Structure formats: structure tokens, C-alpha cells
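In the order they appear, the protein sequences are chains C and A. Counting in this note's numbering, the first sequence runs from 2 upward without gaps. Counting in this note's numbering, the second sequence runs from -19 upward without gaps.
Calculated directly from the structure, the hints in this document are not laboratory data. As the structure is a computational prediction, the values presented were derived from the model and not from experiment. A couple of the hints might just be wrong.
Below 16 Å or equal to it, Euclidean Cα-Cα: the simulated EDC-like pairs (lysine to aspartate or glutamate) are [what the hints assert, rightly or not]:
(1) C:Lys207 x C:Glu88
(2) C:Lys46 x A:Asp266
(3) C:Lys75 x C:Glu15
(4) C:Lys207 x C:Glu183
(5) C:Lys83 x C:Asp10
(6) A:Lys129 x A:Glu99
(7) C:Lys46 x A:Glu18
(8) C:Lys75 x A:Asp17
(9) A:Lys90 x A:Glu154
(10) C:Lys46 x C:Glu132
(11) C:Lys75 x A:Glu133
(12) C:Lys178 x C:Glu132
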Amino acid sequence: MPKRDRISDIEMSEAYSYIYSHAVPNHSLYGAFDRRAQQFYAWIKDNVPPGAFVLDAGCGRGFLLRWLAASGYKIEGTEIAKWLLEEGGDLCGMPILRIYYWQLSDIPDEYYDVTASSDVIEHLQTEEEAEEAIRQLVRLSKGPVLISTGGLRQAHNPFPQEVKFGIGGLHFIIHPKEWWIELYEKYCVLDKAYEAAGSLFMFGRKK
Amino acid sequence: MKLVFTKYLVDLRTVANVTHEALSKYPNVVVSDRPVDEPCYMLCWGMPVYGAKHGLIETGFFWDAIHIDTLGLYKSSSLNTVLGWREVEMFSAPKSAADIVLNGTLNPSKYPQGREEFEWDGVVLASQNPRDRSVYSTGSTEDYYQFVKGACEHYGDRLFIKLHPHSSGQGVTERITGYAEANGCKIAKTNHSVIKNCAFVLVWNSTFAVDCFIRDVPVAQFAPGYWHATPAVTYTAGTYPDRVSSETVEVGQRLADFLMWRYCFHMHMPIDMWVRLVEHYAQSDDMFPLPEEFAYANNLQWSQR
């Protein structure tokens, strides 16, 4: 299990609760979440039949999960931002496990047909944690592993109160896309990689 | 594919043509609150029911209009998505919603409005029922009261509170009136005259915004709702603006047109149209599947005043 000695899980949860509760006014950020979810949704619709069980690890506001559920997919998400799960929150009533990324290890092997994670792994605190996250997504999937990362550059901070963690704003890990693709290909066969909506998308299947 | 109509909708008196008896004539229709054990499409009320392709149905926006959103209701509506808004921007209505509502025989609002007339050049707060699901979708009843209290304190005698047409009982009106009187605000059940010359209308997430769109009145929205992430309103994220841009007005008109032609249909249309429409939604992968023949604007002959 990766060592987490800089920022506690609770501090992280509070930070992301703050971020989500203040991000809505920023139309461009809200739109970016949505445009990223669309990339995942389109791939799954084209490659996986409805009824399949999809995990979105670190699902944020749940755009992807809502789109998939409404199309007949079985869904589950994880999210650390408590604010999103409370009454009136975007994820209230949705099948969400409020767990931290490292707690994915408690879920049985190949529990899902598809695992996805959109712009989360660059927010983990070390490169080792990012690699462990990919390992978990691979372990939990029967095949497809869909990952995006914004860790090519520093994250813009659009919030009224500065959120101080990470070497690149909200991003702890910043590398060129070749680094991320190499990491992904250690565990998966890459179907396609491309940049869109400010992120790098890596879609493929476990080896 | 089976079509599953949620019981709440079928039991809802407002939607008079969708009854257990009427639906029993269609072998592909089931009334249930859960998906059935075969390929099905679920028409949900309020919250999604996971486990089947589904849409969420809700009344609103115009007098006897109803809509099915393919994604979610309130702040989770497809209108708030980038792809959804792109469709709104590209849409050109055969006839504007303003023209249909203001120059036709259609009742001019979702609810019957008060008869009293007022002129106001300050801010108008269009109040909601604090116990309505629209409020719960983004906060609590107490949050709503605090929103009204805060508006009264912030705007003082510049504020007019337009009480919800159905606002009564359970101390709702009394509590809101108390905040208004303590801060010198005007408060009444009134018709649309009060927004004609106002600076802007402030809402929590009320769909009274549609009444404003078609009357060229800018809207400030305090809490997330159907279109808070769109440029049709000024989303204030829990703050009280002293002025808002009028640039939202033209966009608001476009949104109202879209709602009337691409989003809403008529709740009083015959049952055969209902079943055909839901069959279409079940088969479609579009974000806004509503065929033009079913558009609310094309079916006003079913309206009841």
C-alpha cells in the first residue's frame, strides 16, 4: 500500500469538497468535466454493450455515470469529496462508494466489466501512487481500462480561496504524455491515445 | 422492448390521460417502479432508477407542458452539458416561445398568477415553495429560508418578493413575510406586471426564469438548477448581485424557444401519442430525442385553461 505522509485523506476530502462546491460558477471548468466525460461515454457506447458494469474511480460530479446509467449500463463510482454525496449534492442518491483511491484494493478482482478514471491519477501524491492506481484499475476490470490525465501541465486554480497542495496547483504529478503512455502500457494494450478537453486520454485493455 | 412507466406518473391526476386502464391496452407497457427482467426502458419520476436505460420525466416550464430529460433533472439536466447547450445554440424555432405565449391563447405561465398589479424598478425575488423537490435538489428548506432572509437584508427596500402562486400554509408565507417586513421589502402575490420594469429577477432555481426569458427580463440564479451552467442566466453561486448583465436576455429567449420546441411536450396529448413518444425515447440515442410532431408548441390544441 502506498505511503501517504504529506496530506491526510481527510484533508484531501475537505479540499475537494471545497473545490467542487466552488467550481460551478466557472463555466469553463464545469464544461471541461463534461467534455471529458463525453470522451469516455463515446468509447464505452462504441465498444461495450449496455448492461455492462462500469466503475468510474474518482467520478467527480458523476457526468459519466449519469450518461451511462441512462443508457442502461450498471454503474458504480468512487468519490472522496463528501460535499458531493450530501443531500442536494450532485452524487446524492447515486451508487457511489465514498472511498479513497487506495481503498480500491478492497474490491475483488475483475469485479467490473470496465474501469475508468478521468483526470484523477495526476492528483495522487506520488508517482508510485499513480502507478498503483493504474494497477488497481487493471485488476478490477475484466478488460477495458480507460484513463485520462491532466498531468501534462500545471492545473489552473480558478477558486476564490487558493488550494495549496501539489507542485502544479492541484496536480501532484506532471510529465509529458510519453511518460503517461509508457506507464499505461506497462499494464495495458493501448487502443488509442489522444489529447482533448485539456487532457490526455488513454483507452485500451488490460494485458 | 418493454416500456416501464413509473407508478407516480400513472397515478398523477394532473396527467389525466396516462392511467392504468389506458396503458393496459398496450402489451409492451408495464407500470412499475422497478425495471422488469427483460430488455426495457424505464420512465422515471424524480430520481433515476438504475439498471435499465431510462429517462426522467417532470412537469414544468409552460402551462401544461411536461418533459423527459435523457440525463437528469434540475442541475443534472442535459441542458447544462456542453453537448446539450450546443444543440440549444444551433436551434432556430419556427415561431418564438414569446410569440406563442404572449400573443396566443395559452395561459401565460406554468402556474395561475395573482391578479394584483405592481410596478417595480428594483430587484424582484420570485419565491418558490421551500419544500419543493427543486429546492431539495440543491439544498434544504432551511437553506431556502436563509436565501430569502439574506436577500431581504442585502437589498432592503429595493427588493420585491413575488410570492409563489401556491404559497400558503405551514408558516411559509408568514416566515417569508417576516423577513420582508423586518427589512422594508415589498411582498405580494402578483402577476407579471412586477417584472416588466425591474432591474432583474433573483431566483433560487425557480423555473419562473422561463417567464422572464420570454419577457426579456434578466435572471440571476442563486443555486444550481436546470440551466445554471448556461449563459441564459447569471449564476451567482450563493451571492447577491447588485446588477446583472442584460446579455443573458437574448440567450434566454433562445433557451425558451428550445424548451418549447425540442424539450417539452403536451401532458394532455392522447394516450396513443404518449406510448409512441416513449417508444421513440426508448429507441433513440439522442440527447434530445423529441420529434417535432410531439413538440409542445405543435400540440397546443390539447391545452386546458
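field: Unsatisfied constraints (hint numbers, rising)
entry: 1, 3, 6, 7, 9, 10, 11
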